[in-house]
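Participant: Residue strings, one per chain:
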Amino acid sequence: MAETAEQARTRRPRFDADWLRRNGVYVALALLIAVDLVIVPNFASVATVRLNLLQVAPVVVVAMGMALVIGTGGIDLSVGSVMAIAAALIPLYIGYGTVPSILVALVAGVLTGLLAGTVVARVGVQPIVATLALLVAGRGIANLIGGRIRTVRDPGFRELGSGSIVGVPYVVLVAALVALAVWLFVGRTTTGRQLVAIGGNARASALAGIPVKRVLTTVYVVSGVLAAVAGVLVTARLQASDPTRVGQLYELSAITAVVVGGSALSGGQVRVLGTVAGAVLIQLITFTLVARNVADEWAQIVQAAIVILAVYVQLGRRPT
Amino acid sequence: MTRTATPSGATPSGAGRVGAGRVGRANAARLAVLVQRQGALAVLLVLCLAASLRFDNFATLDNGRAVLVAASFLAVIALGQTFVILTGGIDLSVGSVFALGGILAAYGSTHNVLVAIVLPLGVCGLIGLVQGLIITRGGLEPFIVTLAGLLFARGLSLLVSDGGSTTYRVPVDSGFRELAQGSVLGVRNLIWMVLILYAIGTLLLRRTSYGPTVLAIGGQQDAAELMGLPVTRTKLVTYTASGLLAGFAGVLIASYISSGVTVLGVGTELEAIAAVVLGGTLLTGGAGTVLGTLVGVLLLRVIQNVLNQVPYLNSNWQAVVSGSILLVVVVAQRYLSRAQP
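Going line by line, the protein sequences match chains W and S.
Heads up: the first sequence runs through residues 1 to 320, numbered per our numbering.
Heads up: the second sequence runs through residues 1 to 341, numbered per our numbering.
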């Protein structure tokens, strides 16, 4: 970040490998949209845009939390299970009203995040194992609370899931607000700056007086809450709570979005806009393949290739 | 995230008791190492003892056999994962590769037994090799490469099975069924194979130059490179072996259930990682044992078996208990490794 004027001048040829590394995801997204405009019938329609945005919204919300965790050099595998716990709690508390049931779901996200954060930050267990244990246990807890699919018949939830304000669905609006909030959090708050520093070098940060443990715990709590928000959104969209299936493999989608968006798994940076673009890119790839009647199995193979390619392109400049 | 125990934190005793404190600390450290290595075994033994006192059906030959058979597939997968984790890497693709191996084996068995074994091993070994190449030559993180491998293998297995709608069945008269269903000296072939593979694994880790190289890479890759150890080749071998073993587990399950099923293997990579960690292998690499993993696998499967015996606990409790035990064990390991000098 801190570059002298001279360095800035030597970077004059703007379309070099470095530029591509930083902006590859936007280039890919722009290219894909351009291609889609030609090959997918009715691509430039409100319905198509709306469908894609609705489908990508929960992934974006989860990926925002994941971007923060990855920014600290950690990883959160528990997000899918936290979504399921949130979804499982909603039908139980819907009797008290829409808002209380959502609050209960969010509190569950805080608690799981607090547990993950404590085990990672205070005990010093590796994030991948700590959150793996929560992934396994969390899904079980969700099934124990919820069990089977339950329809959620609540006007507030129906409105949240299918309603919209000036044409923008609430679900998409929530995702956009979350992205904005995380962007402000990273760029404008002390904790946001500190978490990036911790990802860069945890020990140096601790020596510099950054409250590493507190910041790390906060980050996992935020990730848990955002996963719970995504669980609420998915439940609202389905008008039903399905603890067995909600959030399955979301951890992988979220990690993919973050990585494709240009963040390194080793931490030290949070690219909010890149992550959103990464999530949209993956969504559009799947959509394009489905729209062109390419089987779903090819979609996965193509996704695998794109992940590798994305990371490889980004690798170009980074000294190892 | 790794944190080493600071000398100041490890010496709580006063200056006057330095001598006694050192002896006590040495003993504590030895105990810590012992619990770290054999903790899972102790839990397993206590669990088995408690279960055989509590449930009449637990300590029977049939139940023991059922646990071992259920454990064998995961054991084969976790063996490969152990070596990968020992190098400091991770292999998230094993669950999908396991499913793919099963489908290819069932498909191959409709031709002949040889195809049923060679085809899945070839494809799965190749997937492992390619992942290893991308990791070593491309310099990409194992986590992301094998995550892509997970998606790739899952897509491939759906492709082979026409989106999961075609279930290949092993012909009734095929000798391929014997591979896992047969038995030698009254013990199922499956269990023999696990024992043989783990014996080979232990020998590789302890008695060949490959083992120490794996540990050295996991301990400090740069140092291993500077020492002139064949880092790239060792990693390639390790990832290929992990793919091969996951594929072989697929072959075994196809032979055992006589068909290839796409829904298998979801989350198996996590179970395998959990087994390795429970077995005392550090996820940071560089330290661990092969037999510990076997204990970890058995622990997971015995928990499953015990919970199955309790009528009012369903499979969801298994997840909760397995997850909690994993958490408790890693937290305990963390404190124990701090106690070490």
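Keep in mind that the hints were calculated from the coordinates and are not lab data.
C-beta atoms are modelled at their ideal positions from N, C-alpha and C, and glycine is treated no differently.
Watch out, some of these pointers could steer you wrong.
What the hints assert, rightly or not - Here are some chain S residues the structure puts well away from chain W; computed CB gaps all over 10 Å:
no.: 1; residue: Leu44
no.: 2; residue: Thr136
no.: 3; residue: Val231
no.: 4; residue: Thr284
no.: 5; residue: Ser324
Claimed, not checked - Selected chain S positions facing chain W (in silico; Cβ < 10 Å):
no.: 6; residue: Leu31
no.: 7; residue: Ala66
no.: 8; residue: Val69
no.: 9; residue: Leu151
no.: 10; residue: Ser161
no.: 11; residue: Gln309
no.: 12; residue: Val310
To be verified - Just a sample of chain S residues kept apart from chain W, beta carbon distances all over 12 Å, derived:
no.: 13; residue: Ala42
no.: 14; residue: Leu92
no.: 15; residue: Ser96
no.: 16; residue: Pro142
no.: 17; residue: Val187
no.: 18; residue: Met193
no.: 19; residue: Arg207
no.: 20; residue: Glu271
no.: 21; residue: Val320
Participant: With reference to the structure, classify each hint as holding or not holding.
Facilitator: Checked hints:
Residue-level check passed: Leu44(S) sits 18 Å from the nearest beta carbon of chain W, beyond 10 Å. No beta-carbon of chain W is positioned within 10 Å of the beta-carbon of Thr136(S); the least distance is around 12 Å. Look at Val231(S): its CB is around 14 Å from the nearest CB on chain W, clear of 10 Å, so calling it non-interface holds up. Distance to chain W contradicts Thr284(S) as a non-interface residue, since its nearest Cβ pair spans about 7 Å, not more than 10 Å.
Look at Ser324(S): its CB is around 6 Å from the nearest CB on chain W, not clear of 10 Å, so calling it non-interface is violated. Because the smallest distance between the Cβ of Leu31(S) and any Cβ of chain W comes to about 20 Å, over 10 Å, the interface hint for this residue is violated. A least Cβ separation of about 22 Å between Ala66(S) and chain W goes past the 10 Å threshold, and the interface hint is therefore violated. Against a cut-off of 10 Å between C-beta atoms, the interface hint on Val69(S) is violated, since the closest Cβ of chain W lies about 22 Å away.
With 10 Å as the threshold, the beta carbon of Leu151(S) comes within range of chain W, its nearest partner Cβ sitting at about 4 Å, so the hint holds. Interface hint at Ser161(S): satisfied, since its Cβ lies 9 Å from the closest Cβ of chain W, which is below the 10 Å cut-off. A cut of 10 Å between beta carbons decides the hint on Gln309(S): the least distance to chain W is about 17 Å, and the hint is violated. The interface hint given for Val310(S) is broken, as the beta carbon of that residue sits about 14 Å from the closest beta carbon of chain W, more than 10 Å.
Against chain W, the non-interface label of Ala42(S) holds: every CB pair exceeds 12 Å, the least being about 19 Å. Not every Cβ of chain W is farther than 12 Å from the Cβ of Leu92(S); the closest lies at roughly 8 Å, contradicting the non-interface assignment. Look at Ser96(S): its CB is around 9 Å from the nearest CB on chain W, not clear of 12 Å, so calling it non-interface is violated. A Cβ of chain W approaches the Cβ of Pro142(S) within 12 Å, the least distance being about 10 Å, so the stated non-interface status is violated.
For Val187(S), the non-interface assignment is confirmed: its Cβ lies about 31 Å from the closest Cβ of chain W, beyond the 12 Å cut-off. For Met193(S), the requirement that its beta carbon stay farther than 12 Å from each beta carbon of chain W is met, with the minimum near 27 Å. Distance check on Arg207(S): its Cβ is at least 29 Å (rounded) from any Cβ of chain W, clearing the 12 Å threshold; non-interface status holds. Listed as outside the interface, Glu271(S) is inconsistent with that label: its C-beta sits roughly 8 Å from the nearest C-beta of chain W, within the 12 Å cut-off.
With a minimum CB-CB distance of about 4 Å to chain W, Val320(S) fails to clear the 12 Å threshold, and the non-interface call is violated.
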